[in-house]
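Its first residue numbered 1, the sequence shown is counted upward by one per residue in this note's numbering.
Keep in mind that the hints were calculated from the coordinates and are not lab data. Careful, some of the hints might be misleading.
[To be verified] Below, a list of computed lysine-lysine pairs in the PhoX-like style, where the Cα atoms sit at most 25 Å apart:
| id | residue 1 | residue 2 |
| --- | --- | --- |
| 1 | 220 | 284 |
| 2 | 100 | 284 |
| 3 | 284 | 340 |
| 4 | 254 | 112 |
| 5 | 74 | 284 |
| 6 | 74 | 254 |
| 7 | 100 | 112 |
| 8 | 284 | 139 |
| 9 | 340 | 56 |
| 10 | 340 | 100 |
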Amino acid sequence: MPTYARADIVFERGEGPYLYATDGRRFLDFAAGVAVNVLGHANPYLVEALTAQAHKLWHTSNLFRVAGQESLAKRLTDATFADTVFFTNSGAEAWECGAKLIRKYHYEKGDKARTRIITFEQAFHGRTLAAVSAAQQEKLIKGFGPLLDGFDLVPFGDLEAVRAAITDRTAAICLEPIQGEGGIRAGSVEFLRGLRDLCDQHGLLLFLDEIQCGMGRTGKLFAHEWAGITPDVMAVAKGIGGGFPLGACLATEKAASGMTAGTHGSTYGGNPLATAVGNAVLDKVLEPGFLDHVQRIGGLLQDRLAGLVAENPSVFTGVRGKGLMLGLACGPAVGDVVAKLRANGLLSVPAGDNVVRLLPPLNIGEAEVEEAVAILAKTAKELV
């Protein structure tokens with residue numbers, strides 16, 4: 001179906017941070033499949049893990065135990081706030097699992113009226129009917145009504161608006177610590193801590209969507225760690241599989257207490273292939289020094305982007321984000337900027353608020369930063 005305005009490029013192979021098209025052109029990939037390919041393309045370690053598993057077992061279903069799923073779940077819970085994990089194939093499914101878990105938690109507690117979730121303007125949680133109903137962006141919902149009820153939208157970053165929206169029917173607060181699709185808009189430390197406090201005061205669950213900002217993207221394993229808080233529920237995907245379809249809903253034992261046998265399921269979620277790659281990704285992301293590298297390279301890139309803004313104020317008007325989840329606010333239309341960058345050999349991702357997203361593999365080095373900045377500078381001169 002023609003649901004994508006696709007660029008007229010076909011890629012035939014990738015290597016590290018580079019993609020090669022069928023016409024011979026090489027591109028520096030600062031899109032990474034929209035924050036997915038955290039270890040770059042054709043990473044030998046991931047290739048080896050997937051190939052080894054493919055020679056043994058592809059799929060058995062969740063009617064049986066899956067060894068790789070059990071080991072990945074234990075490693076994720078050991079490294080995070082969570083006690084339990086449900087594996088999915090995508091971020092939207094992980095988010096849907098979280099939304100269901102929240103309602104089931106309050107239902108089992110006897111608070112059956114607590115079904116509503118507070119969400120935020122410019123959010124993006126996926127393309128399912130429930131996820132677009134939660135975000136309520138016009139570009140996501142037009143023509144798909146009636147929307148599902150149960151979501152109360154408030155301005156992002158406005159703690160008083162959240163406080164005013166809480167009623168005796170509120171079940172949870174859901175947000176991305178850093179909005180990706182919404183334009184690389186980061187919630188402040190004070191805002192995130194305030195939301196945690198409100199949840200504790202009112203008996204609500206804090207539901208974080210770290211599908212894009214998680215798995216090391218900001219220089220911590222998950223972005224909420226910068227605020228020193230923990231959620232009750234968290235949706236994860238994208239980087240968790242390094243390019244192989246995989247998602248997960250993480251939760252505390254208390255929050256997930258209603259998710260008993262038969263209440264939820266997935267045919268493919270957490271199958272042997274996906275979890276073999278997921279374990280391999282985690283091997284690398286949890287290696288000593290890996291997240292320090294993301295912080296260092298992210299800081300370097302952010303500094304160089306700030307210099308670009310100072311030199312080209314009519315083209316780039318500001319830098320946003322953290323680690324290697326960065327955005328450049330644009331003067332010209334972001335679609336024109338992304339197209340011109342692509343023509344000059346740099347892949348990026350458009351976002352809301354007229355922002356171009358830079359989401360490179362997390363293992364890039366200084367040379368790739370300088371190459372990207374040179375292309376951005378060339379592009380800025382051409383767009384003046």
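Violations among the numbered hints, reported as their numbers in ascending order: Hints 2, 3, 8, 9, 10 contradicted; others consistent.
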